[in-house]
Amino acid sequence: MKKEKSVLIMDNKTVARSLIRIAHEILERNRGAKNMAIIGIKTRGAYLAERIAKILESIEKVKLPVGLMDINLYRDDVQSKKEQPVIQKTEINFDVVEKIIILVDDVLFTGRTIRAALDQIIDFGRPKSIQLAVLVDRGHRELPIRADYIGKNIPTSSDELVKVKIKEMNGEDSVSVVQNKSKQKRSAKP
Amino acid sequence: MPVTKLKSKDLLGLEGMSKQEIDFILDTAVSFKEILERPIRKVPTLRGVTVVNLFYEPSTRTRISFELAEKRLSADLVSFSANTSSVQKGETLKDTVKNIEAMKIDMVVIRHSASGAPHFVASCLDSSVVNAGDGAHEHPTQALLDLFTLREKYKDLKGLRILIVGDILHSRVARSNIWGFFAMGAEVAVCGPSTLMPYEMEKMGVEVFFDLDKALEGRDVVMVLRIQLERQQGGLLPSLREYANLFGITRERLKRLNKNFTIMHPGPINRGVEITPEVADGPYSVILDQVTNGVAVRMAILYLLSGGEEKVE
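If you read the sequences in order, they're chains G and V. Mind the numbering: the first sequence is residues 300 to 489 in our numbering, read in order. Mind the numbering: the second sequence is residues 61 to 373 in our numbering, read in order.
Chain V extracted, bound-state conformation (with noise of 0.2 Å):
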């Protein structure tokens, strides 16, 4: 049977996410892209319902992409920082979600520096809940949006050689990302110093590399992770060069991939860290296109988690 709507009310991660699922997600994404190229790049759809954008953790790219997707889709948004709020009073996660689903709101994106924050805000909330992000766990919507932009290059996944390069450890894009390529059956291998290696990633049925040149060979995706420098002060790298120099993605590194290889990014970039400016402005470079569709994709999910309740009659 086929998939026509989410099984759950919230979304807070892909583990255990089915493949008909996410197609399902990333085909209503295709229809919402359409609508970001019309004169008019708004539909009424959500008119009526609230969502509130808490931001626990400092955010361009994802707080933009949501409050866009949100305005396109004319749902009434409001947004929240967390040092400019009375959290900075000490007040806890659950006082501060059920203050705010008590203004009758309707939906809440999420983003904490706790893993696991979203999942216990949508234990104590009727609203809907996206994860935008917590702490090291999971990255759902960017994961969703990565698949997107590679279906659109690719169309089917089945086999696809992927490569996550980078602070492995730290990296919630990766974890969101091996949950969404394992279902998409693709191939998932990770690269990175030992330092900023999770010991479990072999049992998830990842392959692991700590030389780059070895792990490049013979891949049709290379996405590269951004090196945390917030998170950096345990002396876990001995110095940015040195990273540079053995992790970092060069023009001279592209030649062990496959033919009609892919470069991504989930921003913010470290230009001439983890990859050099020309590999991320090259065509193969698909960094903005990432973007991009990470407005469409957020729209699919706010659309689809959206479902009013069953009247009863």
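Chain G on its own, in the form it takes in the complex (with noise of 0.2 Å):
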């Protein structure tokens, strides 16, 4: 195995930080969280939605809807891959018609899994407004896409890869930014 160099950005406490700024950004500039519902895009997406749904419920006392999304079959690339992407399921048990949507992913990078996101979720009806949260933004946008509350701006050359950990799937949170010699596919996203 080739030694990769990484630069640890985030850790638990950073991340934590950001995720109870962002939910007081929300609170603000939303003036409250009244008729609002957070939907996570999977899989780490979903995580840092329901945590930033708790945040926002000890903050203001009220319960949220929350959803988890999986964007794979609205991509604009399923049929040039060599696999299909594994399906997993999307769960809105909610009416999204003139709800404020917060939508929440890990990393915001070219811009098109927010865009699959985004159709996904006016096929589930028309919301209010969608506004979109993100743990980190990385640039390299490939589309006209931009995030409403961001944890952290980390700029990036394209042959680095951002690796986001998350305590529900890896046991702890952190964010590093990893060197990339070999030239490889860009995260798996669209």
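Calculated directly from the structure, the hints in this document are not laboratory data. From a predicted model like this one, the values you see are computed outputs, not experimental measurements. Just to be clear, a hint being listed does not mean it is correct.
Said to hold, decoys possible - Part of the chain G face toward chain V, derived, beta carbon under 8 Å:
1) 382
2) 385
3) 388
4) 422
5) 443
Unchecked claim - Listed next, the stretches of chain V that the computed footprint assigns to chain G, with coverage defined by at least 3 CB atoms under 8 Å from CB atoms of chain G:
6) 91-97
7) 103-113
No residue lacks a Cβ here, since even glycine has one placed at the ideal position from N, Cα and C.
From these two lone chains plus the hints, build me the complex, please.
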């Protein structure tokens, strides 16, 4: 195995603080959590969505609907991939019509995942608005998409990888940038 | 290693398919079933993929189910019936499919009265081929939706005691299901008149009964097959009434089954022949769930077979 150079950018504490700040920004901008619902993009975004929802609920003392979404069926590269991505379940058990939807993902990169997510949400109904919260914005957009709430901006070069670990999956929260010399395919997302 | 793709470009049968591969298809179908509950029951996944449905034999359920699955995935589809086509002018199967493929298509769904026709078509074409029933051989998507329906109810099929009743000889559904049930670790028996029982059954490892009441004892699942009226001209049955008396599933006979039993039927039903209406419509009957699940399972199969080819860089 080739040795990778890895730089730690965020750890347990900084991730937790970022999520709390994002929650406050969401409440500030929307003047509360009225009529709000959270949707996380599988897999890591779903866990982050649940955590942001918990923080919002503890501040506002309300219960917010939380949904999870698998965007693979809305990808723009299904036909060109060698292997079909494994499809997980989408669970949006509430009506999105006229709601303020906070869409949550871990890393904002090309914007293609978000494009797929927006199309999928709109197939469920017409929300009042959709706002995007991400833990990391690493740049290199290929579509005109931006985040409303950002945990951390990390300028990267295109041959670097951003690795996100999440307590629920990996036992710890961390964000690190990995130097990747062998020109690997960019992250597994569209 | 978990299965993340299908082994073959085609789905021709369940014979030889592993439990892992079947579970992978069924897990994918669970995700697709959710789409059918959405306000807009459609996803853009197969945009630009063209599917041809070649039906050389009549079909309602399977054909509509495939067409809906294709539409729900945004594929373009063309449906073909043998009796309104150049097959009437004597065009061979190979020429027909070669010509259709020349019009740039991606997948073929085929039903044919000859066993092995889909396999032959698959060997002629680069496109993916899905067997929608071939002669008395296999009907893999039906078996997969049956497995899906039972998995929804029982979670695990291991050790489940299953009985297939009726015309086993002409039944492709029975054959595919037997392979599928064995792969999932279930115990399978068959029951029917001796004239409608193929002799290789015991070789497949299936217990054979000719007395329905004995066969029903202690079963969890009864899969009732249709008496294929169109194939009964050869004098294999004295009369339908006699068949109904000896092999018809009635409420009285259900007492012999285990608690929490399930009645299945692949359709179309001959009410009052192989099954009484009260049993077909009873709370233990999953006949309509089978139909609902058929769309989700077929969506999963079309999706999994539609993967692009490896790009050489």
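Hints, verified against the model:
no.: 1; hint: 382; verdict: holds (5 Å)
no.: 2; hint: 385; verdict: holds (6 Å)
no.: 3; hint: 388; verdict: holds (5 Å)
no.: 4; hint: 422; verdict: holds (4 Å)
no.: 5; hint: 443; verdict: violated (20 Å)
no.: 6; hint: 91-97; verdict: holds (count 4)
no.: 7; hint: 103-113; verdict: holds (count 6)
When each numbered hint is compared with the structure, a violation occurs for hint 5 only.
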